[in-house]
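As you go down the protein sequences, you meet chains A and B in turn.
For what it's worth, the numbering used here labels the leading residue of the first sequence as 65, then goes sequentially.
For what it's worth, the numbering used here labels the leading residue of the second sequence as 65, then goes sequentially.
Treat the hints as calculated values from the structure; they're not laboratory data.
Please note: incorrect hints may appear among the correct ones.
Which copy is meant is left open, so a pair is good if it fits within one copy or across any two.
[To be verified] Distance condition first, Cα-Cα at most 20 angstroms in a straight line; then the derived SDA-like pairs of lysine to any residue:
hint, residue 1, residue 2
1, K85, H267
2, K605, G174
3, K255, Q372
4, K605, V418
5, K548, F430
6, K475, E461
7, K605, E617
8, K75, G240
9, K475, A306
10, K548, Q538
11, K255, V226
There are 2 protein chains.
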Amino acid sequence: MIKSRLIQAAKGDYPADLVLKNGQVIDVFNGEVFQADIAVLDGYIAGVGQYDAAVQTIDLQGQYISPGLINAHCHVESSMACPAVYCMEESRWGVTTLITDPHEIANVSGLSGIQYMLDASAHLPMNYYMQLPSCVPATSFEHAGCTLSANDLMQFAEHPQVLGLGEMMDITGVLGCHADVLHKLDCFSQKIIDGHAPQVGGHALQAYAAAGIQTDHESISYAEAKEKLRAGIAVLIREGSASQNLDVILSGVLKENITTNQLAFCTDDKHLADIRQQGTIRWCIKKAIALGMEPVTAFQLATINAAQIYHLPHLGAIAPGYQADFAVFDNLHDLNVTRVFHKGKEPAFASAPVLPTQPSVHLAPFTAADLVPKLEPDQSYPVIRILPHEIATEKGEYTGTGAQKAIAQGKLCYITVLERHHATGHIGCGLLEGYGLRNGAVATTVAHDSHNLIVAGTNAQDMEIAVREIDRVQGGYTLVRHGKVIDTLPLPIAGLMSPWSAQTLNAKLDKMVAAARQMGVAAWNDPFITLSFMALPVIPKIRITDLGMFDAENFMFYVVPAYQNED
Amino acid sequence: MIKSRLIQAAKGDYPADLVLKNGQVIDVFNGEVFQADIAVLDGYIAGVGQYDAAVQTIDLQGQYISPGLINAHCHVESSMACPAVYCMEESRWGVTTLITDPHEIANVSGLSGIQYMLDASAHLPMNYYMQLPSCVPATSFEHAGCTLSANDLMQFAEHPQVLGLGEMMDITGVLGCHADVLHKLDCFSQKIIDGHAPQVGGHALQAYAAAGIQTDHESISYAEAKEKLRAGIAVLIREGSASQNLDVILSGVLKENITTNQLAFCTDDKHLADIRQQGTIRWCIKKAIALGMEPVTAFQLATINAAQIYHLPHLGAIAPGYQADFAVFDNLHDLNVTRVFHKGKEPAFASAPVLPTQPSVHLAPFTAADLVPKLEPDQSYPVIRILPHEIATEKGEYTGTGAQKAIAQGKLCYITVLERHHATGHIGCGLLEGYGLRNGAVATTVAHDSHNLIVAGTNAQDMEIAVREIDRVQGGYTLVRHGKVIDTLPLPIAGLMSPWSAQTLNAKLDKMVAAARQMGVAAWNDPFITLSFMALPVIPKIRITDLGMFDAENFMFYVVPAYQNED
Numbered sequence: 065m066i067k068s069r070l071i072q073a074a075k076g077d078y079p080a081d082l083v084l085k086n087g088q089v090i091d092v093f094n095g096e097v098f099q100a101d102i103a104v105l106d107g108y109i110a111g112v113g114q115y116d117a118a119v120q121t122i123d124l125q126g127q128y129i130s131p132g133l134i135n136a137h138c139h140v141e142s143s144m145a146c147p148a149v150y151c152m153e154e155s156r157w158g159v160t161t162l163i164t165d166p167h168e169i170a171n172v173s174g175l176s177g178i179q180y181m182l183d184a185s186a187h188l189p190m191n192y193y194m195q196l197p198s199c200v201p202a203t204s205f206e207h208a209g210c211t212l213s214a215n216d217l218m219q220f221a222e223h224p225q226v227l228g229l230g231e232m233m234d235i236t237g238v239l240g241c242h243a244d245v246l247h248k249l250d251c252f253s254q255k256i257i258d259g260h261a262p263q264v265g266g267h268a269l270q271a272y273a274a275a276g277i278q279t280d281h282e283s284i285s286y287a288e289a290k291e292k293l294r295a296g297i298a299v300l301i302r303e304g305s306a307s308q309n310l311d312v313i314l315s316g317v318l319k320e321n322i323t324t325n326q327l328a329f330c331t332d333d334k335h336l337a338d339i340r341q342q343g344t345i346r347w348c349i350k351k352a353i354a355l356g357m358e359p360v361t362a363f364q365l366a367t368i369n370a371a372q373i374y375h376l377p378h379l380g381a382i383a384p385g386y387q388a389d390f391a392v393f394d395n396l397h398d399l400n401v402t403r404v405f406h407k408g409k410e411p412a413f414a415s416a417p418v419l420p421t422q423p424s425v426h427l428a429p430f431t432a433a434d435l436v437p438k439l440e441p442d443q444s445y446p447v448i449r450i451l452p453h454e455i456a457t458e459k460g461e462y463t464g465t466g467a468q469k470a471i472a473q474g475k476l477c478y479i480t481v482l483e484r485h486h487a488t489g490h491i492g493c494g495l496l497e498g499y500g501l502r503n504g505a506v507a508t509t510v511a512h513d514s515h516n517l518i519v520a521g522t523n524a525q526d527m528e529i530a531v532r533e534i535d536r537v538q539g540g541y542t543l544v545r546h547g548k549v550i551d552t553l554p555l556p557i558a559g560l561m562s563p564w565s566a567q568t569l570n571a572k573l574d575k576m577v578a579a580a581r582q583m584g585v586a587a588w589n590d591p592f593i594t595l596s597f598m599a600l601p602v603i604p605k606i607r608i609t610d611l612g613m614f615d616a617e618n619f620m621f622y623v624v625p626a627y628q629n630e631d
Numbered sequence: 065m066i067k068s069r070l071i072q073a074a075k076g077d078y079p080a081d082l083v084l085k086n087g088q089v090i091d092v093f094n095g096e097v098f099q100a101d102i103a104v105l106d107g108y109i110a111g112v113g114q115y116d117a118a119v120q121t122i123d124l125q126g127q128y129i130s131p132g133l134i135n136a137h138c139h140v141e142s143s144m145a146c147p148a149v150y151c152m153e154e155s156r157w158g159v160t161t162l163i164t165d166p167h168e169i170a171n172v173s174g175l176s177g178i179q180y181m182l183d184a185s186a187h188l189p190m191n192y193y194m195q196l197p198s199c200v201p202a203t204s205f206e207h208a209g210c211t212l213s214a215n216d217l218m219q220f221a222e223h224p225q226v227l228g229l230g231e232m233m234d235i236t237g238v239l240g241c242h243a244d245v246l247h248k249l250d251c252f253s254q255k256i257i258d259g260h261a262p263q264v265g266g267h268a269l270q271a272y273a274a275a276g277i278q279t280d281h282e283s284i285s286y287a288e289a290k291e292k293l294r295a296g297i298a299v300l301i302r303e304g305s306a307s308q309n310l311d312v313i314l315s316g317v318l319k320e321n322i323t324t325n326q327l328a329f330c331t332d333d334k335h336l337a338d339i340r341q342q343g344t345i346r347w348c349i350k351k352a353i354a355l356g357m358e359p360v361t362a363f364q365l366a367t368i369n370a371a372q373i374y375h376l377p378h379l380g381a382i383a384p385g386y387q388a389d390f391a392v393f394d395n396l397h398d399l400n401v402t403r404v405f406h407k408g409k410e411p412a413f414a415s416a417p418v419l420p421t422q423p424s425v426h427l428a429p430f431t432a433a434d435l436v437p438k439l440e441p442d443q444s445y446p447v448i449r450i451l452p453h454e455i456a457t458e459k460g461e462y463t464g465t466g467a468q469k470a471i472a473q474g475k476l477c478y479i480t481v482l483e484r485h486h487a488t489g490h491i492g493c494g495l496l497e498g499y500g501l502r503n504g505a506v507a508t509t510v511a512h513d514s515h516n517l518i519v520a521g522t523n524a525q526d527m528e529i530a531v532r533e534i535d536r537v538q539g540g541y542t543l544v545r546h547g548k549v550i551d552t553l554p555l556p557i558a559g560l561m562s563p564w565s566a567q568t569l570n571a572k573l574d575k576m577v578a579a580a581r582q583m584g585v586a587a588w589n590d591p592f593i594t595l596s597f598m599a600l601p602v603i604p605k606i607r608i609t610d611l612g613m614f615d616a617e618n619f620m621f622y623v624v625p626a627y628q629n630e631d
């Protein structure tokens, strides 16, 4: 029996597999640091104290040893790396547990996408947990790859990697007591249900909490976070590439000295290049300490708090019986990660295989002419106006003549979304201002949340070539100019992820971004990420989907003759 | 659907059953107090904020409202009151949740005793949870009413009132990896396992924690508590009638300012008379505040901490979706409880019925002569020496002649344990010094942990009458003098509990204690409780069981001819 060996090793009567000597142990229970040895057997901690007998001994020489860090909420697909590559990047910076929501791939591939992420992560040296995507499709204003009902999700409810239901973005559905939404919440009421409630407060927040939502990672102010905490909702402080909420939330926490055990750290979406430079949760700890938080408190947020919020009783602490996941740090200021352990071993990612996937780009026949609106000279057209450094957009307005002129001047371009999951032929056409593109086309299958094929371009011919190139490589990023493909990053896994290593992927991305700049895309503007948010109909004020130009404030499509799809 | 009504009530679109207006709400998540109304529907909290529409409105007029208090560990039988009466006493002082261990009745009646406590508590206005007794019998040195194996306990594992396995007192069995003990721990490894590890530290504590023990309520110093916390064991701070550990533990906590979320309050054993005067968990909060703890922190220990330690996600906080359990206090200094709510209603205990029970006293035929040792003049005899105000005893020594003389002088008395569960006829005889009894006999069926019939007396005749009186009433307390029964408290429920009200029971106990004093029992000495611990073989240094006088340091029986039972 394994437990009896662990008990004997704890007593010192049985040699440990590994003894980590002389570490400064971060004690997340008492909020202290103390020097001790850690005895590990069979992947679990046997004891903390003075231990010697071991197969292997590593002298930590007074370095700080923390429980393995926990990223409480992330979307792996947003990194464009496959799970093995993404996990390796997280692991290098001390993360041993990820709580992921495969919302992106589920919008493309449904249950088989979820299964893919489970299979691709099951044998990695990482505790890879999953919250099942609750909102597929995210809205009814576009065509996603599939629709997931409560019954669909329940097929995975008892999977050992599954903890509960992913972020419930359908606030209208919750507050309106829509039967399908409440059914999903009921199905997972004994598990963890994540929320997504940006700027929801007052009675609406009370109702959202009463529905059984347990976490939220959308707070962008301390007041918002505090109101959610008060309502019993754990606050996952987000520090990603686009959204960085740590400073503002923790400044308030420190000022008012509130209880911190319902706070944890997450990234939501963080790009590989940023992870390479900063890490994820280790970066959060470092920022928290810099703000004046007690170092061990910051480690609590990064470890035991997340473990308790997600009911993972074997994770998040250095104590007997806990899984032997550790991150070793040089000191509590630089927070360089010098070693990582997962189940008592230093993680080896090299041999992780990348699984094959099904083709995910299925387009109906089309012509170049289908990709641009048929503008009438005197008709007035709404356009999407990109605002620098903001994810929200403004609505602009051009006549047909004015638009043609602006396109010729490089001020405006076409933007088009093609349904790419079931070859339905839906194509939504529109106009985009402020993207900067002067000549050519940019296309991608990464287009939140339905991940249809989105293409921006100054002429129908380059746009057609770009779309056909994306079809050829079955998803990815491409740049086309003067009738030629400049460069392409294939993302063959659901049109979202690459099997490449982080280094190769980053190098390619850097090269393509530079090429896009040559084509005029503004310097403040990531040419692909900006594009990928143009199809997200839940963010104000104006977007485009495969069903056409969308008024994201009034939740209706613009009725403009030439914009309408012929279907 | 109930949830949709709760959501609508939270939005203010559906009238609440109850709105508590203008309370100072104790926010255990942030550690703050804020003024708000609380809307309650169907026994759950719909929302906290500004609410008006309600069937019933109660204006709290600025009083403090806390989540219902949680007593994290108690033995109801030790109060001698049946569950309905005990719960009423706890409830009056703001407790809405009990985590009980029916260890006493299980030693008498086994599974049917556990079933009795579940049945007797199921419909009370109290969240009555149970940890299944792990150690029945407590030792192999005595005959209990039954033996409970892991498989026996598993019959109750999925009962909605059962949270896990009760205090694992068999430390030797855990550290020695005894198969039956590890089997019990394995069976409950997905639930909560309580510990009982007085003064266990170092490698032994690491091993105990590695075995999966999650809580402990035996710490009597801050250092002991802190070492347990560090090992991942939640510390239930005990403040009962006999053991009071709050001051010493919390003084250390406050001095070192450690994290407090793995601390909760419990009573273990607290007498009805003390509860009447002080309450239980409310008394802990008051003492903690008096020591200098932030009031809301003390409330966290009394509510959310216990709920989280015992995985009760619907309890311990005032937030949407939580059960509507509240205690209302006049202020944070006096802490008088002015109102209590359980599932949104003020608890009504009056109509709680007392269930019938099976007879539990089964004695083999005996004579007066069987109840006293046959002392030989020059033989030396070990005696139990009671130490004032201590539960531990010392070993004394008398010759047969010396003992007879001391008995005549009122310095010594006989002490005898009769097996009472299965009429096996086992009788253990011995001598007791320091009890104070000058003339007569005192007998009881409350005798930890096996609850055999224990009788102390100065002569065999009074002892016989006392034993026959206890047999007649099927368990209880009795006093006999000069051949006559002075008074008897029947405890017909397993020989441990009375169906009487707290008032009646307390009055009777007061009267009998006074009568015992008349018979010479020392004033520092509760005549019944002192006696009830004389048969507990796990506490040093010398005890008596139905198998004879016991060396509780070396875990062996004394071999003295006249002490030996003839069986």
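For this structure, which hints from the list above don't hold up?
2, 4 and 9
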